[in-house]
Amino acid sequence: MSSKDVLFLKRTPTVTYAGGPIPEHIKKYYEQQQLPVRKQSLAANVAERKKNTRTAFNNPTFQMSVDSFAEEDEFDFNDRPPSSIIAIQPVELEQEEEKEILVIKDAPDNDHWRNGSVIGGKIKSRSSIDTDTSDLMSPHTESYSSVFLTKMQLKREEQQKSIDAYRSQQVYTALLSQVALEFYKRIPLLILTKDGIEYHDVFNGKEAVDKLLAILRIQDRVEALQVGCALRHQGFFHDVNYDGDLKDSPNELFAFRDLNDPSMDLQPINSVDLQEADSHPQTFLSSDVPNGIYTDLTDCYSPTCTNDNQCYSWSCLRKKSLKQSQSLLKEESTKLWSQNVPENVVEATLPEERKRQECIYELIYTEQDFVRDLEYVYNFWECPLRTKDIIEYNEEFIHDVFFNISEIRHVNTELSLALDARQAEKYLVSSIGDVMLEHVCNFEPFVGYGAHQVIGKFYFELEKKRNPLFAQFVQETERKPESRRLELNGYLTKPTTRLGRYNLLLREILKRTPDDNPDKEIIPQIMEIITRYLTQVNIEAGKCENSFNLEQIRKRLHFRSPADSIDLKLDKPDRQLLMKGRMRRKANSLFESTDLQVFLFDHYLLFTKMKYEDHLEWYRVFRKPIPLQLLSIQVASSTTNTRQNRASYILPSISTTATVSDQQPSKINNLSITFTHHGRKGSPPLTLYTTATSIQQIWVKKILDQKQLLNKNIFSILPLIQNHFLTTNRVNNTMMMEDGRILVAADQGVYITTTTIAAEKKNNAAMTRIIRIEKVSQIELMPESQLLVLADKTLWTFPLEILSQSVSQQRGRSVSQNTTFFHVGECLSKTLVCVVKTNTLSPTTIRVLEPVIMDENKKAKSMFSLKRLVRGGPIGLKPYKDLYLPSEALSINLLKSKMCISSPKEIGVVDMKNLGVQALLDPEDEKLDFVINRQDVHPVTIYRIQFAKYLVCYNEFAFLVDQRGRFIRSSTRIDWEGTPDSFALSYPYLLAFEPDFIEIRNVHTGELEQVIRGKNIRCTSTNTHNTILQGSMDDPDRDGYQLVFQLDRLVEKDLSSN
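Here the sequence shown is numbered in my numbering, starting from 55 and rising by one per residue.
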């Protein structure tokens, strides 16, 4: 290949070939230029990527409010019409079906009903737990943050060095615009402290020079410093105090100027420890970046001059050895005490005292300079803005921008005059502490000003972009000699930086102060006071910036439709914006590539699309906000395959590993994070890409830390039985006996532990099967009576002797056929057994049985009486009452004198004294329209939590009603994140069980207090008779097995206010 061909390829845009190997002549050219050679083209690589894309067992005692009220549970329905869903006599189902059809046909608002059912329809997008990726929330995920991340970081740093080296070759270092953009991408923005003041999103001078060396591919720090100064002179970045040039020092801090739009000021308060390009804007206007050519870094003008074959010219720019180094030493005029006193006084002063006088003099004259700067702001900015017709709302604007700077000017003018008077007393100032101590107690305005500063900067920049007349005024004022070529932002930061500088000056004075001088005791007191002020400034500034950013987001946040709108409560005093940044959603066959603005709050993760309008960012919600308790994340990695562990933070006593991807992604996928929203309101997984590995790690760390903080651990999981029940032998019901043994109802029979759980240390108590019967769904132990077992829709009774291992298995007696479920409870001071029977050709029958004592000595019982008495030992079950429902019964709850029956339509209340029937909910209460008008929701259960307060639980929500069935106005409706199928009450907490997780809510506030994740979770015991909550789920540590666990209450809350 000729040299002509090489030159032609060098000046031709890169050619991407359609998936095949790179041609040999191109590969040869890459080798000549020492560029990395890929085996395939970019198109082929993309195609390939798409192809591969707790302790000892305790019996906790809870406060059970159901049994804690001695008052009669009297409902007052005010003579409402009786309910039609429960009857005392049998009802023909055919007649009920015809009536129901006629009602639907003749309803005038049938269309409205139909629409409502569609809108309120269930949306189940629950992700499979096998593909769940979060559970990075485990307390044991320290391995992820310490071992995994450290190992991966070392590898990625090496990869990043290669990427940076290659990318640097694509930057023409003589063009300041390209250097500026590359510098903006690479420089890390940190939270750093200077003079006791915290600065967000800044970098130090040494780091800047290091990055410029890498970008320019040179070793001369002086030359890199020159290029940085060229960028600084064009306003690309500035000293945080706006008073210096770029310096190669780790103690000098710099910040980028606002690019594109003033809304870019909205940065996270608790910003990341390391934030790179992700926090930066992705696109720039031409006016945003510096422009110009740095001639010392241009290539030789000779077309035949190369690095290997340089041209003849002695001034060839490729001959770096001929370049002359330049000095950037800047002459600064200094003010010295020795120059302002007679020479004989200086000569008569000891060297150490001379240094002390110089430090005191520096404190005095810098205070004069500070007051002069404040007077400049007042004379050249505040006064003209008040008198000239530049801004329509000038007083409001002046307050927003300058706030209480006039108070600071007054305080420091008094201090400056006092210092001048002390200096005028004699040439040698004996002490300065008493003057400072007198005035330092008046520095409170500094705190308010420092907190408000971010707001003032925002409104100043915004008005400058919106108002051309004001922009012209700014330009003209900053060009005046009195401004000393310093923009207004530089003057507005001086009060905060001045407060931080006092301690530096006082410390130097203290070092040189003799021990017998009163300043030796006074100055430390002054420094302590100033330190307290500085701490206050940092705290209040963080709070103010956080609340201001939240307010701006709240005002500019829009949902797609009112139905999708969610109140994020961004105006709550304790709400926090933890992080924000841009991530990219890559294109596929269904949608285009797009940038998303991601907000991490202390309670939600929010994805938005951003647009600019009137120089402000506006956000449109892209996906439903995700509660952090229901968020799982997956980080792609190139490590070996690791089985996903589903319950890593559910079981703290079980050692688990962090979840990683099952795939072996390509390098480019290392920047991806997959977000999954679990629950009924969830969405499909969303994969987004960050711009750097450090950004990816920061997002993961921030999310996991906040999830850990939100996980209040009100309940913990105590494993009871492990490594015994296979998933094919489903555990349906469990029951704790008084001696500590556990009864288990499973698909293959009834089991009992041979020893108490407290005696076991490894949670694998031995089990024995005492009843061999299939499909056992429910068990109940009647004290001193019998064992009730529901198996394959047949209710059986067994004598208590069957629980003894020394007794051989006994046959049970059948009580009822076609039984859906049964319920045992207390009502009318009696123990009642409610047996629910269903038949396709007859209505649902609820047979209420009462345990009675059998008299074995009476043998003359009639046959009729004997047939109506089901014997299972000395105590039998005698029929008490029968109730009939034209529809299905979902659950039964017994109160003091009432029976509450949940059906698909409503909850019926039966007075067990007179058998009066009434619907629980008042149809005339408009506050209950959200449930009465819904045909696609159904009640599950009801709890009495306080006198005249009843908690009604539906499959989509829960709410409180009074004794009249009316919604309690002062209460909060609970909307479930999932689709629970069972509930448990541990007052004041309500637990909602669904297969993927357990929601734990506060009954009074409705707040989601805790989420416990798992796979195939079931509530296997109820708290009708005891306070023990048990359940089962797939064992996260052993595939194919189930884990029987107990929920132990860890915290108690004072609810006297409720």
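Since the hints were derived computationally from the structure, they do not count as laboratory data.
Predicted model only: the values in this text are computed from it and were never measured.
Certain hints may be false.
Stated by the list, open to error - The list that follows gives simulated cross-link-like pairs (lysine to aspartate or glutamate, EDC-like), each with its CA atoms no further than 20 Å apart:
(1) K389 / E401
(2) K574 / E449
(3) K442 / D302
(4) K511 / D454
(5) K518 / E450
(6) K480 / E515
(7) K511 / D264
(8) K663 / E594
(9) K519 / E449
(10) K967 / D1088
(11) K609 / E532
(12) K623 / E517
(13) K663 / D628
(14) K248 / D299
(15) K626 / E667
(16) K511 / D297
(17) K442 / E461
(18) K1003 / E1061
(19) K623 / D668
(20) K518 / E401
(21) K239 / D264
(22) K534 / E449
(23) K678 / D302
(24) K511 / E479
(25) K519 / E532
(26) K260 / D293
Which hint numbers doesn't this structure obey? 2, 3, 6, 7, 8, 10, 11, 12, 13, 15, 17, 19, 20, 22, 23 and 24
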